[in-house]
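Visitor: These are the residues of each chain, in order.
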Amino acid sequence: MRRADPVPALPPEFRAWFDRRGWQPRAHQLALLDKAAQRRSTLLIAPTGAGKTLAGFLPSLVSLSGLVPAKGQRGIHTLYISPLKALAADVHRNLLAPVEEMGLAIRVETRTGDTSTSRKARQRVRPPDMLLTTPEQVALLLSHADAPQLFAGLTTVVLDELHALAPTKRGDLLALDLARLAAIAPGHARIGLSATVARPSELRAYLEPQSGDGTIRLADLVIAEGGARPDMRILDTELPLPWAGHTTRYAVAEIYAAIKAHRLSLVFVNTRSQAELMFQELWRVNDDSLPIALHHGSLDAARRRKVEAAMAAGALKAVVCTSTLDLGIDWGDVDLVINVGAPKGASRLIQRVGRANHRLDEPSQALLVPSNRFEVLECRAAIDAAEAGDHDAVQYRKGALDVLAQHVWGTACAGPFVPDALYREVVSAAPYAGLERADFDRILEFVATGGYALRAYERYARLRPTGDGRLRLSHPRLAQQYRMNAGTIVEAPMIKIRLVGHASARRRPGKAAKLAGGRVLGELEEYFINQLSVGDTFAFAGHVLRFEGLQDTEAFVTRTSDPEPMIPSYEGGKFPLSTHLALRVRRMIADPGQWRALPEAVGEWLAIQAERSAIPDAGEVLIEVFPRGNRHFLVVYPFEGRLAHQTLGMLLTRRLDRLGARPLGFVVNDYALAIWGMVDMAEMERAGRLDLAELFAEDMLGDDLDAWLAESSLMKRTFRLCAVISGLIERRHPGKVKSGRQVTISSDLIYDVLRKHDPRHILLEAAWADAATGLLDIGRLGDFLARIKGRIRYQALTHVTPLAVPVLLEIGQELVYGGGVAEAILREAADDLVRDALQRGP
Amino acid sequence: MLDTAVHTLSLCGATLVADCSGAIYWPAERTLLVADLHLEKGSSYAQSGTLLPPYDTRETLARLGSVIARWEPARVVALGDSFHGPGAADRIGADDLASLQALQKGRDWIWLAGNHDPAISARAGGHVADELEIAGLTLRHAPAEGEATHEIAGHLHPAAKLAMYGTTIRRPCFVGNGQRLVMPAFGAFTGGLNVLDPAFSALFPGGDIAVWMLGRARLYPVATRALSAD
Chain A
151 MRRADPVPAL PPEFRAWFDR RGWQPRAHQL ALLDKAAQRR STLLIAPTGA
201 GKTLAGFLPS LVSLSGLVPA KGQRGIHTLY ISPLKALAAD VHRNLLAPVE
251 EMGLAIRVET RTGDTSTSRK ARQRVRPPDM LLTTPEQVAL LLSHADAPQL
301 FAGLTTVVLD ELHALAPTKR GDLLALDLAR LAAIAPGHAR IGLSATVARP
351 SELRAYLEPQ SGDGTIRLAD LVIAEGGARP DMRILDTELP LPWAGHTTRY
401 AVAEIYAAIK AHRLSLVFVN TRSQAELMFQ ELWRVNDDSL PIALHHGSLD
451 AARRRKVEAA MAAGALKAVV CTSTLDLGID WGDVDLVINV GAPKGASRLI
501 QRVGRANHRL DEPSQALLVP SNRFEVLECR AAIDAAEAGD HDAVQYRKGA
551 LDVLAQHVWG TACAGPFVPD ALYREVVSAA PYAGLERADF DRILEFVATG
601 GYALRAYERY ARLRPTGDGR LRLSHPRLAQ QYRMNAGTIV EAPMIKIRLV
651 GHASARRRPG KAAKLAGGRV LGELEEYFIN QLSVGDTFAF AGHVLRFEGL
701 QDTEAFVTRT SDPEPMIPSY EGGKFPLSTH LALRVRRMIA DPGQWRALPE
751 AVGEWLAIQA ERSAIPDAGE VLIEVFPRGN RHFLVVYPFE GRLAHQTLGM
801 LLTRRLDRLG ARPLGFVVND YALAIWGMVD MAEMERAGRL DLAELFAEDM
851 LGDDLDAWLA ESSLMKRTFR LCAVISGLIE RRHPGKVKSG RQVTISSDLI
901 YDVLRKHDPR HILLEAAWAD AATGLLDIGR LGDFLARIKG RIRYQALTHV
951 TPLAVPVLLE IGQELVYGGG VAEAILREAA DDLVRDALQR GP
Chain B
4 MLDTAVHTLS LCGATLVADC SGAIYWPAER TLLVADLHLE KGSSYAQSGT
54 LLPPYDTRET LARLGSVIAR WEPARVVALG DSFHGPGAAD RIGADDLASL
104 QALQKGRDWI WLAGNHDPAI SARAGGHVAD ELEIAGLTLR HAPAEGEATH
154 EIAGHLHPAA KLAMYGTTIR RPCFVGNGQR LVMPAFGAFT GGLNVLDPAF
204 SALFPGGDIA VWMLGRARLY PVATRALSAD
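These protein sequence lines map, in sequence, to chains A and B.
Residue numbering for the first sequence follows this note's numbering, beginning at 151 and increasing consecutively.
Residue numbering for the second sequence follows this note's numbering, beginning at 4 and increasing consecutively.
There's no promise every hint is true.
Stated by the list, open to error - To be clear about the criterion: a stretch of chain B counts as covered by chain A if any three or more of its residues have a C-beta under 8 Å from a C-beta of chain A, and this derived list gives those stretches: (1) 177 to 187; (2) 219 to 233.
Said to hold, decoys possible - Examples of chain B residues toward chain A, derived with CB under 7 Å: (3) GLN50; (4) TRP74; (5) GLY195; (6) GLY209.
What the hints assert, rightly or not - Pairs of lysine to any residue residues, derived as SDA-like cross-links and limited to a Cα-Cα distance of at most 20 Å, are as follows: (7) A:LYS906 with B:ALA220; (8) A:LYS270 with A:ALA302; (9) A:LYS235 with A:GLY263; (10) B:LYS108 with B:ARG173; (11) A:LYS906 with B:SER69; (12) A:LYS235 with A:ARG189; (13) A:LYS866 with A:SER897; (14) A:LYS646 with A:LEU628; (15) A:LYS866 with B:ARG173; (16) A:LYS235 with A:THR318; (17) A:LYS646 with A:PRO359; (18) A:LYS866 with B:GLY109; (19) A:LYS410 with A:THR421; (20) A:LYS235 with A:ARG399; (21) B:LYS108 with B:ALA125; (22) A:LYS548 with A:GLY637; (23) A:LYS906 with B:ARG219; (24) A:LYS906 with B:ALA125; (25) A:LYS906 with B:GLU32; (26) A:LYS548 with A:PRO359; (27) A:LYS906 with B:ASP98; (28) A:LYS866 with B:ASP98; (29) A:LYS906 with B:ASN197; (30) A:LYS235 with A:THR262; (31) A:LYS548 with A:ARG367; (32) A:LYS866 with B:ARG219; (33) A:LYS548 with A:THR365; (34) B:LYS108 with B:GLU32; (35) A:LYS906 with B:GLY139; (36) A:LYS456 with A:HIS693; (37) A:LYS866 with B:GLY195; (38) A:LYS646 with A:ALA451; (39) A:LYS270 with A:THR318; (40) A:LYS906 with B:GLY194.
By construction, these hints were calculated from the structure, which means they are not laboratory data.
Small disclaimer: the values here were computed from a predicted structure and weren't measured.
The beta-carbon is built from N, C-alpha and C at its ideal position, and this holds for glycine as well.
Please take these sequences and the hints and turn them into a complete structure.
Guide: Here it is in structure tokens:
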């Protein structure tokens, strides 16, 4: 499709620049120029490689190039916000090309956590024309009294990777900061850049100030033409497919062959432990000593930079990586993406595949390697969805209250404010459009005095009335306190991993003081390190390491020649199966016509399932009950993802316990849930003592959920995040450096006391809402329970079924203990002491 | 209840009952011991802008109330750091003060001085002392340096950690060697120091210690080799 001269808005020097590069301005780039001329906020949806970033900046470059350099300060003209500081740096490099080549008098600078204090201070006095930064830095800039001058001349805000940012707490904070910016510079337009999503309206609403009258305002939408269709295929293997597990070890030789046949491959896996394992396995077969590297979020930043540089320089053959390389940075000429394990969502798959061949006109090459039989179905479903142009939706998100509390505090740091005006401003941010005034007032009260029913802290109030209807900070120290704690990314406490030699490590326990020095390999979550004993081995940074001990906040390890780590895995980046993909998988299973497209072993597996038990319709849920060993199993197949299944497992075991089934434990994967117990549940059902419809009744999300949640460690973890983000407890206090390990007061203790003495406190409410949408996936569980009402397909069987095998082989079983897990472990440790004592004699 | 909720220990010939709340009852002396209540820790933080829930005092007093109801002691000794910082006793709210006075009524009440509360306001009631000797045992806030016998102290907030089945449990605990005993912190907002910390090995040379971890309804004696460092 050719267009007649479509480019009235593009000035001659820009046209010449495009020509010199041999480029044609793309339609969406010109469309954005047009939108900018009308001062319209716009969402641009474009695939990787479509010149998205340039499109976002083009209006600003054109506008700034036409300005006569002002005599005085110009202030910030364009603000670019990215979820990653590395991305901001990358965009900075890319922007310098047009600026320098056209000789434009435009100052472009980045501002991130890495920017020096002096440079940051200078930027506030003498701001650049374009500032490239992160949401946290915007919040910090807005907390200063000079923010109105700094942003008064703002014309454009560019939001990169908006689909990744908007549906998070960082997105909530950013939305509130955008509302603040709109109050300072009312005319500014926003340009959102996003990968393809199923429902752009959520992101369009995010970009547009809301009226608060119940109607939703949307920004304009520009969709770039798609490029060549990616070429995606599932690894065609002769080998038998594993029943369960996530190691994908069976396919290593074939993955290696694919790497060998390409220039540069990205090998995506879903968790860091899988990355470590795949890296180990690839090196084990690496007879040609191909340069294969490892990249994930726990590795030391310097090591990651090295890998990135080597990629860009073309010195690598393959990189095994996690979602750290999902987002838009180009590190090299990737020509093959290998996705190991299930993609979990169609959009994630498309984004990852887009990492290969950053040229629109050539198809990206992708190889999907399922690690077990269920994952074959999921890979097939994801490819079908991608080819049909179906994407996962960005879910509409209700703004979090802890983030609002942080924002209110930050606003007060910049100067006195009028509560009415701030409320109007807050509800103009899409995530907070539905916020009731009463809840806003409770948050104000929380920031001022803690919001406790017992009003004990009036005299310590952090906000005080000025006498003219405004509220001001009661002490300047509180502004410093805010700035040290701002942001919504609460890291789990991390421990540095240091590699030391055997000699220094073996000078034996008690004398731990000998553990010192050594190269830093990276950081791991404290809870993972906590479960290690000296001598345990685990895989990290590409080695199998032996744990030698902990000293302050550092763990010391040595290398070991053990080929297999003893401690299997640590967490990191587990995505649940998307709702959309789950539905496709259910449909595929329900329709034997589709089985032919699957590998033979998988089709056979489903056929035997049909014979032995049943294949449920897409709208049904299958429940199987059978004995095995001396246990009785109940297996459910909801296909609602690990998180929702975990919650369902907790609730079902409670109910089964009450019914007398004496459940002992359960295990979940993304597709199914298996519970086992002492009592024959088929017999209970026959005798009328177990009513499945009742067992799965929606009311389990009421009292049972509350009772379980109150005690659960998951709730405490969620509460800790809310307590930190809302400013109830500090990460750092002025004058003191405090690591996550050394919080002076445990949020668990606060949680217990608050729950007992002030159960309606707003922070408990906030934590509950977070848990429900996040770790518990209550919404999805609720939809499931509603969906299966009257649609339970029950099978009482004598044997384990083919469909049940994968979940029964899953690791990570949850055991049900009478008096709580903790007490059981204590009891066992105490019994151990008694046994010991009896053996040794007096 | 007695056989699960408590554990009897012997210290230099004295028979003491350790309660799962973290208190010690000394039947022969009809005396109840508690350490490190840290009352008004919440309001102490609030003074510097961190608005912790203002319920720690009532929670701590409620727990103390139930131990007192269980043992009906004639005498209560608080082993120091009963108040979290200067002025704490004056900040106690009227309701909480009334609860405290109700607990004190009809029994001898002694506050030992701690590093957080070297001086205690008269508002707190009871008597104040630096340390106390009862029937041959010395009660004090911070354990004496180096080896010592016949001593019960607090100050260190001992806690023990178990790592099993891929999970960890950290609980306050009693730690002792038959010659001296360190009590866990009793207050609602008090954290703990791992008994494997050098601060404890200085008190118990040779490392021959016994540890009782606090469970929900009983105490659990745990072998030191089963414990993990932080």
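Visitor: Each hint needs a verdict: does it hold in this structure or not?
Guide: Going through the hints against the structure:
Closer than 8 Å: that is the beta-carbon criterion, and the segment 177 to 187 of chain B has 0 residues meeting it against chain A, so the requirement of 3 is violated. Only residues whose beta carbon comes within less than 8 Å of a beta carbon in chain A count, and the segment 219 to 233 of chain B has 9; three or more means the coverage holds. At its closest, the beta carbon of GLN50 (chain B) sits 6 Å from a beta carbon of chain A; the interface hint therefore holds under the 7 Å criterion. For TRP74 (chain B), the suggested interface contact is broken, since its CB lies about 23 Å from the closest CB of chain A, more than 7 Å.
Here the hint on GLY195 (chain B) is broken, as its CB sits about 9 Å from the closest CB of chain A, past 7 Å. A least Cβ separation of about 12 Å between GLY209 (chain B) and chain A goes past the 7 Å threshold, and the interface hint is therefore violated. The hinted pair formed by LYS906 (chain A) and ALA220 (chain B) meets the criterion: a straight-line CA distance of about 18 Å does not exceed 20 Å. Taking the CA atoms of LYS270 (chain A) and ALA302 (chain A), the gap is near 18 Å; set against the 20 Å cutoff, the hint holds.
For the suggested pair LYS235 (chain A) and GLY263 (chain A), the alpha carbons sit about 8 Å apart, so the restraint of at most 20 Å is met. Annotation: proposed proximity of LYS108 (chain B) to ARG173 (chain B) is violated, straight-line Cα distance about 35 Å (limit 20 Å). Between LYS906 (chain A) and SER69 (chain B) the alpha-carbon distance is near 16 Å, which keeps this suggested pair within the 20 Å criterion. Taken as a hint, the LYS235 (chain A) and ARG189 (chain A) pair is broken in the structure, with Cα atoms around 28 Å apart against an allowance of 20 Å.
A distance of roughly 8 Å separates the Cα atoms of LYS866 (chain A) and SER897 (chain A); the hinted pair therefore holds under the 20 Å criterion. The straight-line distance between the Cα atoms of LYS646 (chain A) and LEU628 (chain A) is roughly 31 Å, outside the 20 Å bound, and the hint therefore fails. Of the pairs offered as hints, the one joining LYS866 (chain A) and ARG173 (chain B) holds, with about 15 Å between alpha carbons and a cut-off of 20 Å not exceeded. A C-alpha spacing of about 17 Å is found between LYS235 (chain A) and THR318 (chain A), which places the hinted pair at or below 20 Å, so the restraint holds.
Straight-line distance between C-alpha atoms of LYS646 (chain A) and PRO359 (chain A) comes to about 43 Å, which puts the hinted pair past the 20 Å bound. With a C-alpha separation of about 40 Å, the suggested pair LYS866 (chain A) and GLY109 (chain B) falls outside the 20 Å cut-off, and the hint is violated. Among the hinted pairs, LYS410 (chain A) with THR421 (chain A) is inconsistent with the structure: their alpha-carbon atoms are about 24 Å apart, more than 20 Å. About 34 Å separates the Cα atoms of LYS235 (chain A) and ARG399 (chain A), which puts this hinted pair outside 20 Å; it is violated.
With a CA separation close to 15 Å, the supplied pair LYS108 (chain B) and ALA125 (chain B) stays within the 20 Å bound. Using a Cα cut-off of 20 Å, the hinted pair LYS548 (chain A) and GLY637 (chain A) holds, with the two alpha carbons roughly 18 Å apart. Between LYS906 (chain A) and ARG219 (chain B) the CA atoms are separated by roughly 16 Å; this keeps the pair inside 20 Å, and the hint holds. A distance of roughly 30 Å separates the Cα atoms of LYS906 (chain A) and ALA125 (chain B); the hinted pair therefore is violated under the 20 Å criterion.
About 34 Å separates the Cα atoms of LYS906 (chain A) and GLU32 (chain B), which puts this hinted pair outside 20 Å; it is violated. In summary, the hint linking LYS548 (chain A) to PRO359 (chain A) is supported, as the alpha carbons are separated by about 15 Å, within the 20 Å threshold. The straight-line distance between the Cα atoms of LYS906 (chain A) and ASP98 (chain B) is roughly 17 Å, inside the 20 Å bound, and the hint therefore holds. Taking the CA atoms of LYS866 (chain A) and ASP98 (chain B), the gap is near 29 Å; set against the 20 Å cutoff, the hint is violated.
With a C-alpha separation of about 27 Å, the suggested pairing of LYS906 (chain A) with ASN197 (chain B) is violated against the 20 Å cut-off. Distance restraint check for LYS235 (chain A) and THR262 (chain A): the Cα-Cα separation of roughly 6 Å lies within the 20 Å cut-off, and the hinted pair is therefore satisfied. Only pairs whose Cα atoms come within 20 Å are accepted, and LYS548 (chain A) paired with ARG367 (chain A) is accepted, the gap being roughly 16 Å. Proximity of LYS866 (chain A) to ARG219 (chain B) is assessed by CA-CA distance (about 18 Å); at most 20 Å being required, the pair is judged to hold.
With a CA separation close to 16 Å, the supplied pair LYS548 (chain A) and THR365 (chain A) stays within the 20 Å bound. A threshold of 20 Å between alpha carbons decides the hint, and for LYS108 (chain B) with GLU32 (chain B) the separation of about 18 Å falls inside it, so the pair holds. Taken as a hint, the LYS906 (chain A) and GLY139 (chain B) pair is broken in the structure, with Cα atoms around 41 Å apart against an allowance of 20 Å. A C-alpha spacing of about 17 Å is found between LYS456 (chain A) and HIS693 (chain A), which places the hinted pair at or below 20 Å, so the restraint holds.
In summary, the hint linking LYS866 (chain A) to GLY195 (chain B) is supported, as the alpha carbons are separated by about 18 Å, within the 20 Å threshold. Using a Cα cut-off of 20 Å, the hinted pair LYS646 (chain A) and ALA451 (chain A) holds, with the two alpha carbons roughly 12 Å apart. Taken as a hint, the LYS270 (chain A) and THR318 (chain A) pair is broken in the structure, with Cα atoms around 27 Å apart against an allowance of 20 Å. For a cut-off of 20 Å, the pair hint linking LYS906 (chain A) to GLY194 (chain B) stands: about 19 Å separates their Cα positions.
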